[in-house]
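We have chain R already, so just place chain W on it with the hints.
There are 2 protein chains.
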Amino acid sequence: MKVVIIGGVAGGASAAARLRRLDEQAEILLFERGEYISFANCGLPYYIGGTIQKRNKLLLQTPESMKERFNVEVRVQCEVTAIDRARKVVTVLDLTSGKTYEERYDKLVLSPGAAPMRPDFPGSMLPNVFTLRNMADCDAIKGYLTESKPARALVVGGGFIGVEMVENLVHAGVDVTAIELADQVLAPLDYEMACMVHQNMRAHGVDLRLSTGLEAIEQEGAGLTCTLSGRVKVFADMVLLAIGVRADHALAQQAGLELDIKGSIRVDEHMATSDPDIYAVGDAVAVSDFVSGEKAVLPLAGPANRQGRMVADLINGREASYEGTQGTMICKVFDLSVGATGNNEKQLRASGRAYDKVYVHPSSHAGYYPGAETLSLKLLFDPASGVILGAQAVGKEGVDKRIDVIATAMRGRMTVQDLEKLELCYAPPFSSAKDPVNMAGFTACNVMKGDLRQIFIEDLKDLDPEKDLLVDIRTQGEYDAGTIGNAVLIPLDSIRDRLAEFPKDKRVVIFCRAGLRGYIGYRILVQNGITNVYNLSGGYLTWEPVYGAKNKSCGGGKTTRIPKEKA
Amino acid sequence: MKVVIIGGVAGGASAAARLRRLDEQAEILLFERGEYISFANCGLPYYIGGTIQKRNKLLLQTPESMKERFNVEVRVQCEVTAIDRARKVVTVLDLTSGKTYEERYDKLVLSPGAAPMRPDFPGSMLPNVFTLRNMADCDAIKGYLTESKPARALVVGGGFIGVEMVENLVHAGVDVTAIELADQVLAPLDYEMACMVHQNMRAHGVDLRLSTGLEAIEQEGAGLTCTLSGRVKVFADMVLLAIGVRADHALAQQAGLELDIKGSIRVDEHMATSDPDIYAVGDAVAVSDFVSGEKAVLPLAGPANRQGRMVADLINGREASYEGTQGTMICKVFDLSVGATGNNEKQLRASGRAYDKVYVHPSSHAGYYPGAETLSLKLLFDPASGVILGAQAVGKEGVDKRIDVIATAMRGRMTVQDLEKLELCYAPPFSSAKDPVNMAGFTACNVMKGDLRQIFIEDLKDLDPEKDLLVDIRTQGEYDAGTIGNAVLIPLDSIRDRLAEFPKDKRVVIFCRAGLRGYIGYRILVQNGITNVYNLSGGYLTWEPVYGAKNKSCGGGKTTRIPKEKA
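Heads up: the sequence lines are chains R and W, in that order. Numbering follows our numbering, in which position 180 of the first sequence is assigned residue number 339; successive positions increment by one, without gaps. Numbering follows our numbering, in which position 453 of the second sequence is assigned residue number 612; successive positions increment by one, without gaps.
Calculated from the structure, these hints are not laboratory results. Some hints could be false.
When chains are identical, the list treats them as one kind, so a pair holds in a single copy or across two.
[Said to hold, decoys possible] BS3-like, lysine-lysine: derived pairs with alpha carbons at most 30 Å apart: (1) K663 x K421; (2) K421 x K226; (3) K247 x K454; (4) K593 x K580; (5) K258 x K392; (6) K555 x K665; (7) K593 x K216; (8) K580 x K505; (9) K226 x K593; (10) K258 x K247; (11) K608 x K663; (12) K620 x K258; (13) K593 x K454; (14) K161 x K247; (15) K665 x K258.
For clarity, every value in this text was computed on a predicted model and none was experimentally measured.
So that you can see chain R by itself, here it is in the shape it has in the complex (with noise of 0.2 Å):
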């Protein structure tokens, strides 16, 4: 049996790996067309920034180790340009020699990975216009900041790769503008939740700019004049492009493999390109979302990981299946966390699936033990099932754990209603007694059994002062420091004696800081007979961040963009 490999990082390694553990006696050979495998790709911005501080780290393995430990004979800097389906053979371009030859394979694994995209705008080519993708890119832009200490850095994409690459920059001292084509940053999220990390970049100095493009890049002298959306000017050192990456399937498409959404290779549940002798992984390839079934291109280390080693156990006549991408994920922003799992609503609009929603907003521990942090927690899940469907969530401290208890729970078709009864970790230095997950548990049971009827953010652009009051259920402190539009006062623990300032013949919408205490009061106005009643979900933290008056700049202005509330 041999083995031909190409592409040597997360899922062309993992399967490399596995192929040894499995069969001693393979030929296992693997193509690099870089000049290393294995390196740590998500770790280069930190990198760059001197968060990790030894080049060397980030190799994780070499072609020397690869072979003493895998007995995997590696080729670096030499591309595959060509696959001859019929005659199992691909031909490689040895990039230091300048020479082709070929080489016979039984079973082929593709793992091109995907590209960063690089517009073809005027400009696009300057020195000093980086990407980032490989060890080489990287090192580019770490020499250009050594050496030549940029005050001020254009970057220009706001999603993983980008928002990190402005973090880093600001840890290495350059003053860095944001551009982002959409009106928010990091796509898994939805707006409301992505306006907290609009802050908070802000809050740390960055310019960023929202539902804003890149036209043009002009050098002028040392430096670069970038023309944005509406001929806007802004004048930078250095440009990061990081708009995205497109699949890899040059190889593929040139094999004539079957292609697939977004440029995609198609694979089956077997990782099988449409030729049962070669496999595709990792980044180029389309998967079908965990949630919807529906076909999605998601470029994430871990399950290319788990598709190399997949690959490995098939070709070995093992079984397996893959069972789809959940689209994990999380990401540092300075001092926040920012993660997802599953769908997020604009996903679940798009595919039309039916959805109810609950924000929370509790802390990441014990609030008596210090350092205890608002943890904001979306959950989505089916309205008739309870079928947890995704979950988004940012803070300070313990997003990634409560992402990774939603997201097992979700790889067990589990529903808001084994949140509740989920028995997580508790002492004060780690959670609470109702951990943050449990507390959206119960929110969601509660609105499921009709305990709780929401209504949300984007809905309070409609509230017509004729048929609608607006109270805020805080203490006259938080009322005091910021409220809603023109809410009413009358604090929670006052209600019941003031009932009669409830009008009956109007819809009545309470809010609170985060949404627990608007569920106390919606209990007690619905049970004296104040029956139309909906608590702002979230409350004045969800709200806060979209509306409030200092994020007027978010999202452009564009505060309408969030839709209606479903029927």
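For chain W alone, coordinates are given in the frame of chain R:
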């Protein structure tokens, strides 16, 4: 509907609040014999140690706030002394006035908690011999620390409270001797995992003595001379007795309600006692163990809160049933976190359940990103189905997250095969592309599929040089720094060249640092004809805390305590 609740901390307070949310009209009356309700009992050690600085942070609700917000009448310093079930009345002793009166109930909720055990040995009631359960105890210890500035303390008992108090007394500048009658602290852990905690406590200057009991305390001047097992005497200014708690069943017993194991109150799956109008919740009741289905007494805050909430649902005619307690726990011990969920090996053996186990020691996050720490994880599973039976983890970072993920998987009755597939948050500051939970899943699946045969540290004592060869497959440098017994060194990367050195007529036992290289070595050997091979699960990192040179005193030298591998 008049509901009387006895006990105003976790379970009682949760029941009261939810009762009101579900029924605005109910009469809810809560009796608490202490001065405070709803105080942060899990926070008391941290207030004593000074981490929580303000005492009022511990008081989460007051009788006034419960009245204002939930219209619950709270009577503190009122002890219910008797229940007349026939008449449905309770007898109340007002501890301030000394007067006794009766209150009628429709439904009664018992949440009496559990009291610290204070065995009747000589000196147990001397001044400066403390227990810690409530605010009064907390104030006594804090007052004593502040006024008397003790130099030395003896902490008796290595459960949660004992271990947390050890840390907090050290934090407050006190020299601590800690004794525990068993050969390990923190009973939810198995012995070999607890040894990591013993190492850490000793590294922080604690004089930890295992297999050691307290026999007597004598006043000697201003101090206390404590006689330990074997007539060893230690001097201390104060003694904290933290030898465990016992369900407070006095009232239930007086009322003729059925009791259960360990003096707990018997309840059914609806938390109803043998009287259908009387419920009991929290630390005083026996629950069913989620894994074994056997009765268990597990005093934990999370379950207490959930039970209180559930009882409110049931009283309001809603359906609910308690599905058992997993015993998920976490404990901070200096810079370590120690967590567990489900059954440990001791419990599984005791209940005769078939199980297998794996140990892994991966990094808490990507090793190339600063701050990564070794996370030691033990996973117990059903050897036939792969159903997860329990897990334990010890480490400086990310312990709570991994135990929460596994606890969630267990609630979903998931398997180790599911752990392989979990899609968890990955970015370098948070985890690795293969999370420690995935790694444990991979390892367990390798064992289940027969891709790896394991041996455990407790089996090494049975090695016979005539029949077995112990091989250290780490590097020369690691070997030189300390190896196991008289192991020979054959580094992993040289195995293929040195196959002739592995005997075919002996059992070959290989080990590495954490088990992963051992797995790779195992695969190389068995596929090259050396088939009688076993890999030491968890490698040197599992062995060293138990048997390493620095740990001779660990377990009181009783290294033979760990039982032999099951058949």
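Status of each hint after checking the structure:
no. : hint        : verdict
1   : K663 x K421 : neither (53 Å within a copy, 55 Å between copies)
2   : K421 x K226 : neither (36 Å within a copy, 60 Å between copies)
3   : K247 x K454 : within (29 Å within a copy, 63 Å between copies)
4   : K593 x K580 : both (10 Å within a copy, 27 Å between copies)
5   : K258 x K392 : neither (46 Å within a copy, 82 Å between copies)
6   : K555 x K665 : neither (39 Å within a copy, 55 Å between copies)
7   : K593 x K216 : between (40 Å within a copy, 18 Å between copies)
8   : K580 x K505 : both (29 Å within a copy, 26 Å between copies)
9   : K226 x K593 : between (51 Å within a copy, 22 Å between copies)
10  : K258 x K247 : within (20 Å within a copy, 95 Å between copies)
11  : K608 x K663 : within (23 Å within a copy, 66 Å between copies)
12  : K620 x K258 : neither (66 Å within a copy, 59 Å between copies)
13  : K593 x K454 : between (37 Å within a copy, 24 Å between copies)
14  : K161 x K247 : within (11 Å within a copy, 81 Å between copies)
15  : K665 x K258 : neither (80 Å within a copy, 50 Å between copies)
Going through the hint list in order, the structure does not satisfy hints 1, 2, 5, 6, 12 and 15.
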